[in-house]
Amino acid sequence: MTAHTGHWPLVAFTSLAIAGAGLVAASACFELLYGLVSGRLVAAGAGLLAAGLLVSLGHLGRKRRAGLAVRGAGRSALSNEALAAGLALAAATLAAGLDLAGAHDRAVTAIAAAVNAAFLVSIGLVYRIRGQRTWRGFSAVTPLTGGLAFGAIAVQTSAGTGDVFFGTVLFVAADALIFSRRWRDVAGIAFTEATLANPWSIHRSPLLGARFYLLDVIPYFLLAVLPMPLAVVSAAAGLVVDRFGFYVLAVQHTTGHEIAGVEAQIAALARTPQD
Amino acid sequence: MSGAGFLLDLHRCVGCGACVLACRIENGRVDTSAWRRVLPLNLRRHPAGPTYFLSVACHHCEDPACLNGCPSGAYEKRPDGIVVHHEDLCLGCRYCEMTCPFGAPAYDHATGVMSKCHLCAHRVDAGRLPACVAACPTEALRCAAAPGSEAHTTGAAVLVPGFADPAGCRPGLRFLTPKGARRTELFRSLEEALKR
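In order, the protein sequences belong to chains A and B. Its first residue numbered 1, the first sequence is counted upward by one per residue in our numbering. Its first residue numbered 1, the second sequence is counted upward by one per residue in our numbering.
Hints listed in this document are in silico derivations from the structure and should not be mistaken for laboratory results. A few of these clues could be false.
Unchecked claim - Chain A is faced by these chain B residues, among others (derived, beta-carbon under 8 Å):
(1) A22
(2) F53
(3) L54
(4) G73
(5) Y95
(6) P101
(7) G168
(8) F175
Computed from a prediction, not measured in an experiment: that's the story for all the values here. No residue lacks a Cβ here, since even glycine has one placed at the ideal position from N, Cα and C.
Extracted from the complex, chain A is given alone in its bound form (with noise of 0.2 Å):
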């Protein structure tokens, strides 16, 4: 991806699309838990999903065609998180509409809880393309992790309770585990004249650095110490984070990357003195 590609409404869609379908399953997952029933937040996800689902018309050239993007259902990882999309928000509005009018079913929020982490699982899907390096092994499986880490914060500060569900620190510690792993993948990355040519590559440890500690290591001890909205403040925060950074630090094979390292090596050669 380069800075032509305009990846802002990129950003934005995923960050509203995984803080709505975690908030959405990570709910469900309290309710069959701890029977925290709130179909306020079930809501909430819902219209966080549907905002990001419209913000991501702004990254189509032709936003009118935008119904054709399911075409290439079971083909296309992009399709298929299209469809998933589609049947997330759906089955979101409806668990949360019951909920608010009174019939609470305990069914239908467990299945939009399902139908909203593979919605997940499907965005991360669409990243794992051979030859981007920085979005190879466990960068698909951080949506899901971030989106019900952030879900589990938004609930437990919803609950208001004093001590730390045991289901949030799951969730959140688990994010904290896959996410590390995807830090130390990026870390371990050599510069290339490719990517000391992108400014946010030369940054790439803070950036995941902030990610980390916005959405795993400041909610849980705001959690822990004294319950607050700034936990939820953090990690949102840290979601976007996480989206930014998982654009700006793409580092896409091309022939003409390809090229540059090899002549960055022929260069190298010509500076060895021979023995």
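With the hints as your guide, set chain B onto chain A.
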């Protein structure tokens, strides 16, 4: 190999850019991004490595990442192997730009859709050579499926330094590299150095 694609003689290509110009004129892409590019390698002529020019466009891969990833089915692989893009089905989501490891699809800001080399399918259908191939003054660039092309592939390297296929798309671009002593002189040092 599916049949469609190009054959590039690295020993003959002088990097003149006639292929780029012909492509622009033939496809009306004078004021927008080019489908074909000429990428020089080692233009500073460091003695440690060879100098050559890679004239690249869409490689009409056997397993095209653009086609597999396109959500709207805007890409099609014709029976003759040419990968064509239907602009009327394109959303302009630019996913193909991310998935193609060769940077072939280009986004057109004016139309809001992607476009790429179609190997001058209209010319091929009329029994003519693609514009870039027809314009090449040294005959370095040829159609892979053109009669007689196979005869030139003896000793050719499928992949040369500076051209890799990380996504396993099996690109329809083949290279002819200098043979014998010349090849040894030009390529051995670099190939061995790159293996280290």
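Okay, the hints, checked on the actual structure:
1. A22: At 20 Å from the nearest chain A Cβ, A22/B fails the 8 Å test, so the hint is violated.
2. F53: Violated. Min distance 10 Å.
3. L54: holds, 7 Å
4. G73: holds, 5 Å
5. Y95: With a closest approach of 5 Å, the Y95/B hint holds.
6. P101: Nearest chain A Cβ about 4 Å off; hint holds.
7. G168: holds, 6 Å
8. F175: violated, 12 Å
Figure legend: structure checked against the earlier numbered hints; hints not met, in rising order: 1, 2 and 8.
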